[in-house]
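So the protein sequences, as listed, match chains D and A.
Under the numbering used here, think of the first position of the first sequence as 1, with each following residue one higher.
Under the numbering used here, think of the first position of the second sequence as 1001, with each following residue one higher.
Just to be clear, a hint being listed does not mean it is correct.
Computed from the model, here is a short list of chain A residues facing chain D with C-beta under 8 Å [claimed, not checked]:
#1 Gly1126
#2 Asp1195
#3 Leu1199
#4 Lys1311
#5 Phe1315
#6 Glu1362
According to the in silico footprint, chain A covers these stretches of chain D (three or more CB under 8 Å from chain A) [claimed, not checked]:
#7 20-27
#8 70-76
#9 135-141
#10 158-172
#11 247-258
Estimated spans, in silico, between C-beta atoms of each pair [claimed, not checked]:
#12 Ile72/D / Glu1285/A: 24 to 34 Å
#13 Ser232/D / Asn1267/A: 37 to 47 Å
#14 Asn1363/A / Ser86/D: 22 to 32 Å
#15 Asp210/D / Asp1386/A: 56 to 66 Å
#16 Asn206/D / Asn1267/A: 31 to 41 Å
#17 Ser86/D / Gly1425/A: 32 to 42 Å
#18 Lys1307/A / Asn73/D: 51 to 61 Å
#19 Asn1267/A / Lys234/D: 34 to 44 Å
#20 Arg1382/A / Ala207/D: 32 to 42 Å
#21 Gly1294/A / Phe239/D: 26 to 36 Å
It should be emphasised that the hints constitute simulated quantities derived from the structure, not laboratory data.
Ideal placement from N, C-alpha and C gives every residue a C-beta, glycine not left out.
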Amino acid sequence: MDKHLLALEDLSREQLWTLLHRANEYRERLDRGEKDGRELAGWTVANMFFENSTRTRMSFELAAKYLGAHVINFSQQGSSLAKGESLLDTAQNIEAMAVDCMVIRHGTSGAVRFVAENTRASVVNAGEGRHEHPTQGLLDILTIWRHKQQVEGLKVVIVGDVLHSRVARSNIQGLTKLGAKVTVCAPATLLPDSGDWQVETETDLNAALDSADVVNVLRLQLERQQQGLFPSAKEYFKFWGVDQKHLQKDMLLLHPGPMNRGLEISHQAADGPNSVILDQVTNGVAVRMAVLSILKERGGN
Amino acid sequence: MELVLKNGKIVDGGTIREADVWIRDGKIAEIGTDLVRPGKTLDMGGKLILPGLLDMHVHLREPGQEGKETIASGTAAAAKGGFTTVCAMPNTDPVVDNPLLVELIATRAKNEGLVRVLPVGAITKGQQGKEIAELGLMHQAGAIGFSDDGGWVQDSGVSYNAMCYAAQWDLLIISHPEDVSLVAGGVMNAGPLADKLGLAGADPVAEVAAVERDIALAEASNCRLHLTHLSVRGAVEAVRRAKARGVRVTADVTPHHLMLTETACDNYNTLARVNPPLRTEADREALLAGLLDGTIDAIATDHAPHKQTEKFTTFDDSPPGIVGLETAWGLLYAQLVESGRMSLATLVEKFTAGPRRVLGLENLSIAVGQSADITAIDPAARAEVDPQTFVGKGVNTPFAGWKMSGLPAMTMVGGEIVMLNGEVGNVTVPVEARAQVG
Ligand SMILES: [Zn+2]
Chain D
1 MDKHLLALED
11 LSREQLWTLL
21 HRANEYRERL
31 DRGEKDGREL
41 AGWTVANMFF
51 ENSTRTRMSF
61 ELAAKYLGAH
71 VINFSQQGSS
81 LAKGESLLDT
91 AQNIEAMAVD
101 CMVIRHGTSG
111 AVRFVAENTR
121 ASVVNAGEGR
131 HEHPTQGLLD
141 ILTIWRHKQQ
151 VEGLKVVIVG
161 DVLHSRVARS
171 NIQGLTKLGA
181 KVTVCAPATL
191 LPDSGDWQVE
201 TETDLNAALD
211 SADVVNVLRL
221 QLERQQQGLF
231 PSAKEYFKFW
241 GVDQKHLQKD
251 MLLLHPGPMN
261 RGLEISHQAA
271 DGPNSVILDQ
281 VTNGVAVRMA
291 VLSILKERGG
301 N
Chain A
1001 MELVLKNGKI
1011 VDGGTIREAD
1021 VWIRDGKIAE
1031 IGTDLVRPGK
1041 TLDMGGKLIL
1051 PGLLDMHVHL
1061 REPGQEGKET
1071 IASGTAAAAK
1081 GGFTTVCAMP
1091 NTDPVVDNPL
1101 LVELIATRAK
1111 NEGLVRVLPV
1121 GAITKGQQGK
1131 EIAELGLMHQ
1141 AGAIGFSDDG
1151 GWVQDSGVSY
1161 NAMCYAAQWD
1171 LLIISHPEDV
1181 SLVAGGVMNA
1191 GPLADKLGLA
1201 GADPVAEVAA
1211 VERDIALAEA
1221 SNCRLHLTHL
1231 SVRGAVEAVR
1241 RAKARGVRVT
1251 ADVTPHHLML
1261 TETACDNYNT
1271 LARVNPPLRT
1281 EADREALLAG
1291 LLDGTIDAIA
1301 TDHAPHKQTE
1311 KFTTFDDSPP
1321 GIVGLETAWG
1331 LLYAQLVESG
1341 RMSLATLVEK
1351 FTAGPRRVLG
1361 LENLSIAVGQ
1371 SADITAIDPA
1381 ARAEVDPQTF
1391 VGKGVNTPFA
1401 GWKMSGLPAM
1411 TMVGGEIVML
1421 NGEVGNVTVP
1431 VEARAQVG
C-alpha cells in the first residue's frame, strides 16, 4: 500500500496493524462525537459506484467529510459503462476534474486495479467482482480485535457463499496474516478451491462452529438458487442458516449486511446478545477514515 | 522459375543429409550434390530444409473482422513463421457455413495470400449448433474439414447427425471440445488461482466430458473426428484410450498450452486469456507426454489476433486468444528441442506429416516430383519475441521477451519464395550474385 488500497492481499502484517490502530483512534474520536477533522482538507474524493451499495457509499462519504474532504458521487450500473475500457474513460474524466482519490466499486474482478494502473489518483477498492472488499475486511477485523482484544489464535468461521464473496476473500487474507485460524463453511457448490489459502473448509455447520470464537455470516444472493447452486431457501436455512442455538456464550456474530433474515441468519441471532452487526457499521466509517487519511499522507497530492 | 538451393541439410523422415535441391516449375526437379543447373542459385549455408510447415488452426478474421487480421496479413504472418499452409477457421462474420463463402476465402487466398489457405467450413448453420450446414457442397467448394470452433455443438443429437452425415463422404469433423454448461462462465482455469483472483473458473471437466461424448459419437458413426487444442490431462487420456481401441480420432495442442500454465493469468494479464484456458503444470506435462507418445498428432497455433484496444481492459471483458504464427516454431525449438525434451524430427513431424495425415492430405516430402513447399530453418539463429516486429496485425501474445531459436530463414510455396531472412513478400533472388540465406 503506497498510494492505493486495492486488496488486503497486498498488505503486510505491519501495514494491516498500522491501519487498524489508526482506525481504532478514529473509532474513539467518533465515540466522543468529534467529526470535524481536517486531515483531508483540500482533498477531493470521488465515490464511483458501478454497482449499487448505498451503505458502503454513505460510509465512505461520511468518512471523507468527517476529515474535511470534498466529496463527489458518481454511480452507474449495468450499462455498457461497466465495460473495462469505458470504465477507464470515466475514471480519466473524473480524474481530470482535479480529483485526488477515487473510491471505486465495480462488478468485475480486477477492474479497480486496472483503473489504478492507468490513472494518477489514489484508488481505493470499495468492492470489486468477487475479488476483494478490503475496507470491509478491515472493519470486520477491527470489530473482532476491539471485542476480543486479540486476533492471533482466534478461530474465525466464515459461513455462506464463500466462492462468490469478496468479503470472504478480504477476511481470509487479513485474518490469516494476523495469525487467526479461518474456517470456511458452505454447501460444496459455494466453496472455493482454497488450495493456496491457509483455511479449513467444512460443509457441516455444527462441525465448523465447534470451539469457534467468531462467526462471520455472509450475505447470500438468492440468484444462486436459480443457478442451481442450492435447491431452496428453506433447505439452505436448515443446513447453513446461523441461528442463536448455534452460538456459544462468547462467540462474536458478524454480518456485512444487508441481512436476509431467515435465509443465512435468523432474527434471534441477528438481534441476539452475540451480534455486533451495528458495531461493524460504526467501525466501517472509522476504517475508511483511516484508509483515506493514510493514503493522503502516503501518496498525497 | 528455376532455382538451386545449395548446401542445405534436408531433414525429412527423421534423417538429415546434405544435398542441393533443384526447383523447376514449382516442383522439386532434382536432389543431388554439387548440382549445377539452369536458373538462379541460393546458398543455404547449411540451413535445415524441411517440408513446408502446416498450421491446421488459424483465425484469419476475414471476412468481417479485418481490423484484427486479413487473409493478406495473416498469411504474411504465416510466411514469416515458416508456414506454407494454414487452415482458416470459419468463425468469421459472416460465418463460413455455405459453399459461396468457402469459395470466397479460397479465391481471396489465391489472390492476396502469401501461403496456401485451406478453408474450414462450419458444422452447423451460423455455428448456432441447431441445423447442420451444407457439408457436402462446402466440401466440393474446397472445405478441408468442418468445425464450429469457438463453440462446441452442445446438442448431442445435432452433433451425432453431423457426424453420421459427414461419415458418408468421410469428411473430417473438427471439434473444440467444451461443454459450456460445465464451463459456467469461467474465464480462466478453475482452481485456487482463479478463486484468489476472484475470477470465474472454467472446470477442466468441461473439456473431458465433451471429449468423451465426441469420442462416443465418432465411434458410433465411424466419423473422422479431430479434437482441437486439448488442454487438460483427462482429455489426453481419453484420446489415448480411444485410439487404442481403434476409434478414428486425432488431436492437436497449441504452443501456448505446451509452454504456459494458468499462472500467466496472474495480475489479471489479459494477454494470457485464451480458450480453452491455460491449465496447470500437470496438464502441461500430460500434453507434452501425449505429443511425444503419438496420442496428439499435431501442433496448431489457434492463431487468434485481436486489436490492442480489445485486450486493454479487464480480464472478464477481454476477448480470448493469443497470436501464434510468428512465434510458434522459434519458441518450441528453444523450449523443447534445445532443452532436449523433444527431438527435432518430432517437432518437424508435428508441424508437417502429423497435421497432413489428420487432414487426409498426401504426404509432402523433400523428394523429386513433390511440390516445392519448403521451409528452411537456421538452427543457429536466435531472437527474442518482439511484438513490434510482427507482420500480422495482432500483437496479443504473452510471450514478449521469450527466447526463440532455430528461426525460419526461408518459406517457399510452390517454388516461390514468400519469406527470406525474415523479409516477407514475393522475394526475387538476384540473378547474378549468388544470394545467401542468413
Ligand atoms: Zn477453438
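Hints, one by one, checked against the model:
Hint on Gly1126/A is violated. Least Cβ distance to chain D is approximately 25 Å, over the 8 Å limit. Look at Asp1195/A: its Cβ gets to within about 4 Å of chain D, closer than 8 Å, so that hint holds up. A hinted interface residue such as Leu1199/A counts as satisfied when its beta carbon comes closer than 8 Å to some beta carbon of chain D; here the least separation is about 5 Å, so the hint holds. Restraint check, Lys1311/A versus chain D: the minimum CB separation of about 10 Å is more than 8 Å; hint violated.
Taking 8 Å as the C-beta contact cut-off toward chain D, the hint placing Phe1315/A at the interface holds, the least distance being around 5 Å. The beta carbon of Glu1362/A is not positioned within 8 Å of any beta carbon in chain D (closest approach about 48 Å), and the interface hint is therefore violated. For the segment 20-27 of chain D, the stated coverage by chain A is not satisfied: 0 residues place a CB nearer than 8 Å to a CB of that chain, which falls below the threshold of 3. Coverage of the segment 70-76 of chain D by chain A is violated [criterion: at least 3 residues with CB-CB distance below 8 Å; count 0].
Under the rule that three or more residues need a Cβ within less than 8 Å of chain A, the assignment of the segment 135-141 of chain D is violated, with 0 such residues. Counting residues of the segment 158-172 of chain D whose beta carbon lies closer than 8 Å to any beta carbon of chain A gives 3, which reaches the threshold of three, so the coverage claim holds. Evaluation of the coverage hint for the segment 247-258 of chain D: breached, as 0 residues show C-beta separations to chain A shorter than 8 Å, against a requirement of three. The given range of 24 to 34 Å is broken by Ile72/D and Glu1285/A, whose C-beta atoms sit roughly 53 Å from each other.
Range check, Ser232/D to Asn1267/A: about 39 Å between beta-carbon atoms, so the 37 to 47 Å window is met. Hint check: Asn1363/A to Ser86/D, Cβ distance near 52 Å, so the stated range 22 to 32 Å is violated. Checked against the hint of 56 to 66 Å, the pair Asp210/D and Asp1386/A passes, with Cβ atoms roughly 58 Å apart. About 39 Å separates the C-beta atoms of Asn206/D and Asn1267/A, a value consistent with the hinted range of 31 to 41 Å.
Taking the beta carbon of each, Ser86/D and Gly1425/A are about 39 Å apart, inside 32 to 42 Å as hinted. Checked against the hint of 51 to 61 Å, the pair Lys1307/A and Asn73/D fails, with Cβ atoms roughly 34 Å apart. Evaluation of the 34 to 44 Å hint for Asn1267/A and Lys234/D yields a pass: the beta carbon distance comes to about 42 Å. Remark: the range hint 32 to 42 Å for Arg1382/A to Ala207/D is contradicted by a beta-carbon distance near 58 Å.
Remark: the range hint 26 to 36 Å for Gly1294/A to Phe239/D is contradicted by a beta-carbon distance near 49 Å.
In this structure, the hints that do not hold are numbers 1, 4, 6, 7, 8, 9, 11, 12, 14, 18, 20, 21, in rising order.
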